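Asker: Sequence:
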Amino acid sequence: MDFTLSADLQDIQTTIRSFMLDVVEPRAHEIEDTNRIPPELTRQAAELGLFGLSIPEEYGGTGLSTLGRCAAYEGLGHGHMGFGGMVSAHASIGTSGLVRLGTEEQKRRFLPGMAAGDIIAGFAITEPTSGSDAANIRTRATRHGDDYVLNGTKHYISNAPIAGLLTVIAITSPEKGTRGMSAFLVPMDTPGVRVGRIDEKMGQKGSLSSEVIFEDAAIPAGNLLGPLDLGYREALGILTNGRVGIAARSTGAMQRLLDLCIQHAKAREQFGRPIAEFQAVQFMLAEMEVDIQTSRLLWQKVAWMVDQGQDVRRMASVAKYHATEALSRVADKAVQVAGGMGYMKEYPIERFYRDQRLLRIYEGTSEIQKVIIARDLLA
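The numbering of the sequence shown is UniProt numbering, which starts it at 1 and goes up by one.
No lab work stands behind these hints: they were computed from the structure. Since this is a predicted model, take the numbers as computed values, not measurements. Certain hints may be false.
For lysine-lysine, the following DSS-like pairs were computed, each having C-alpha atoms within a straight-line distance of at most 30 Å [stated by the list, open to error]:
hint : residue 1 : residue 2
1    : K370      : K176
2    : K370      : K301
3    : K345      : K201
4    : K176      : K107
5    : K107      : K301
6    : K266      : K201
7    : K370      : K266
Simulated DEER-style distance windows between Cβ atoms [unchecked claim]:
hint : residue 1 : residue 2 : range
8    : E346      : A286      : 36 to 42 Å
9    : E30       : G309      : 52 to 58 Å
10   : G63       : A280      : 46 to 52 Å
Just so you know, even glycine gets a beta-carbon here, dropped at the ideal spot from N, CA and C.
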């Protein structure tokens, strides 16, 4: 077993980490104050290829393996989590369904613009009546001639206010129950599609989410993604690979927090010496390192499994659950190590503390991950 990333992947990860630290982080307060990502940062991210991480080279993407994408996501995790959330929502669940299930015509129509960052993508399954209970969605797609007509409301949809394209999960055959779900590629400029209320969140500023309302929105039958009635299990499969990406981003965020804590502990003096010399602080740093190393090993293993064509439904949940819970522990310790400074908005630790909390909720709560793991063990 060789756990060393190739030189190319190390270079990619280093480049992205440097971009996040040197370009995005200096604009962090601006993003926090405006809840918007400056357009020039989006353009620079596109020039780096961040919007094409999961898109094959023949459609303008980077053609990275899952291991390569996750290495990039760990680099992304070192900087502003709202910015990273916007990019990853596009590059993971916003894109993966089309790459995996799309026809050649669909891929050539949409993927080049998505890889260039001209079309921002998102994934819409959550509704007011269905979050963890994704099988309870009520949005309907009814066939009328050459179109499917969508009616319903999605909410908490990442990137929706800035998106050009959504992958939308809707009911096409109610009589089939959970086997009656289908996926559709829905351009946001389609008549009858509109963005509703934009969410005001505790953290993840700049990563916009909102309601999306469908009122007799006619979607060409050619925009059906994958087979008709692909089903609940297959629809959620689009989320599975995104979970390992969240684990990788969480690992990057933990590493950034540990780096900040080490720097602070060496510089901050109490009782006539640096607090790094106090065993209580040393223990917290050591515990943070253990969480980082175990999370990194997990995302690397699961990413490798994906690239080997293995079924990763259980292990993706293991990685996502462990890394996001670990990040919460690390963020809490980081505030404690930094003391009053860690609670101040002028320092990044406070922001990471707020931002990380969402990762234990979206793309499957920690509790849902445990359900998936346990059911697979007992199957």
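Asker: Indicate, hint by hint, whether the structure satisfies it.
Answerer: Hints versus structure:
Between K370 and K176 the alpha-carbon distance is near 27 Å, which keeps this suggested pair within the 30 Å criterion. Restraint check: the Cα-Cα separation between K370 and K301 comes to about 19 Å, which is no more than 30 Å; the hinted pair holds. Restraint check for K345 and K201: the C-alpha separation of about 16 Å stays at or below 30 Å, so the hint holds. Between K176 and K107 the CA atoms are separated by roughly 29 Å; this keeps the pair inside 30 Å, and the hint holds.
In summary, the hint linking K107 to K301 is supported, as the alpha carbons are separated by about 29 Å, within the 30 Å threshold. Between the alpha carbons of K266 and K201 the distance comes to roughly 34 Å, so the proposed pair goes past 30 Å and is violated. Restraint check for K370 and K266: the C-alpha separation of about 38 Å exceeds 30 Å, so the hint is violated. As the Cβ distance of E346 to A286 is approximately 28 Å, the hint placing it in 36 to 42 Å is violated.
For the hinted restraint 52 to 58 Å between E30 and G309, the CB-CB distance of approximately 43 Å leaves it violated. Taking 46 to 52 Å as the suggested C-beta distance range, the pair G63 and A280 conforms, at roughly 47 Å.
The structure shown violates the earlier hints numbered 6, 7, 8, 9.
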